[in-house]
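2 protein chains.
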Amino acid sequence: MKKKNKKVNAAIVVIGNEILSGRTQDKNVSFISNWLNNSCGISVVEVRIIPDHEKTIINTIKEMSKKNNYVFTTGGIGPTHDDITSESISKAFKTKYEINKEAYKILENYYGKKEFNEPRKKMAKMPKGSKLIYNPSSAAPGFIIKNVLVLPGVPSILNSMIENCKKFLIKGSKTHSKTVNLFTVESKISRELEDIQEKFIKYVSIGSYPFFRLGKVGVSVVLRSISKSKIKMAYSDLLKVIRNKKIKTLSI
Amino acid sequence: MKKKNKKVNAAIVVIGNEILSGRTQDKNVSFISNWLNNSCGISVVEVRIIPDHEKTIINTIKEMSKKNNYVFTTGGIGPTHDDITSESISKAFKTKYEINKEAYKILENYYGKKEFNEPRKKMAKMPKGSKLIYNPSSAAPGFIIKNVLVLPGVPSILNSMIENCKKFLIKGSKTHSKTVNLFTVESKISRELEDIQEKFIKYVSIGSYPFFRLGKVGVSVVLRSISKSKIKMAYSDLLKVIRNKKIKTLSI
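Residue numbers (this note's numbering), protein chains in the order written: chain P, 17 to 268; chain D, 17 to 268.
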């Protein structure tokens, strides 16, 4: 990875009718988001799920590419007629959509000359000037063009490729987090949480999420910050509230 | 439900840092999307996942509300400081953010006067002119203002409320679908699928999705259309391909 920067952000664009229709449960957003934060210090600030529709892909990529340091796309880079991501991204950047020689060789090697048919050759086509993101599980590579990293939709394949994205990314500051699970209800601690949030407004983001476990209701309080010491300070304030109110905690 | 219309669409706006950060796996998109299609004939055409950030919520709601028949939001309507959805939507529509009397009564009844504290009273605040979406599981209602339906983020609570959205929606034409699971690879059928897609381009949308099951690779072909008979016709063409190529199918 390249030089370190403070705030680096990314958007994820999930491309696929099957996610929008509810047929398929997306699993890539949380995977990419966790990986980006933990391995690269990059925060995902927006996700869009859009259909396999050329104009929508073009407009979304143009907008997201301008607004964010990086854009990750998932889906639509296979060999069938509904795989239109690569060609649409070429159009978004007004670059030629053409055979990438390196990708062609990789795929020809993988399938063998005889089995390397036209639909499979399509998977070697991408915007001119793309660099490959290698695919250790099924050969067909992803690619990066400008600040857009293009990945497949199948989670197991995407997961196997994610480390190969790293060399293209500038590292940011990792967001650390601490979760405290309390056997209480939100309304019993909301004023105190707000006070702590006010006190650390510049450094720590505090989230409050109800949970149901072992037949009991509870609240997960999540402290997030790029500074571990600020989290520690906010946590120490939270501990005082927990003790004062005699709230039971649950460690997971 | 009100009068029938042909094409009715919706967007879903998921509001929550915990989804963006990857801490929590969203489950509401596929649930809402399936319900809207199956129960109301409404298609979800775009999803956005955004942070608990006022300006972002305001801008997203304004844009999505203009572009779609309906907008469904999830998350950010609880009693804590990070629950800013209702107030932000009031600002998006420049309507007063105030106590809704009916919601106030419901919550007062549910908690009892003594336990109905300030944080809980916050859950009765919403944009002026909102109509309530009743909540059979934990009382705190959602609401609809203009074409925006505001729901909680906790899946079990959201699920229990969804039927109460129906009376506010115009019914569209349901999209039917037929899935065929083939033990083959995409590149072996992609040309034929493209031909069938071309033939039915106006009526049927054909998707092709690789799967891995029982140690074998396969392809799910999904035919989607508002016309059952057009699906039948496209399916009959697909059957010919399957027979000609002697492809085994898997019924699930």
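Note that these hints are calculated values from the structure, not bench results. Please note that a few of the clues may not be correct.
Intra- or inter-copy, both count: the list cannot distinguish identical chains.
Straight line, CA to CA, 27 Å or less: simulated DSS-like cross-link-like pairs of lysine-lysine [unchecked claim]:
#1 Lys83 x Lys248
#2 Lys144 x Lys261
#3 Lys137 x Lys232
#4 Lys256 x Lys215
Remember, predicted model here, so these are calculated numbers, not experimental data.
Taking the hints in turn, this is what the structure says about them:
1. Proximity of lysine 83 to lysine 248 under the C-alpha cut-off of 27 Å is found in neither arrangement, the shortest distances being 33 Å within a copy and 44 Å between copies.
2. Taking the shortest alpha-carbon separations for lysine 144 and lysine 261, neither the intra-copy value of 62 Å nor the inter-copy value of 36 Å comes in at or below 27 Å.
3. Within a single copy, lysine 137 and lysine 232 get their C-alpha atoms only as close as 56 Å, which misses the 27 Å cut-off; across copies the closest is 23 Å, which meets it.
4. In this assembly of identical chains, the alpha carbons of lysine 256 and lysine 215 lie at most 27 Å apart only when taken from the same copy (15 Å versus 69 Å across copies).
Consistency note: the structure conflicts with the earlier hints numbered 1, 2.
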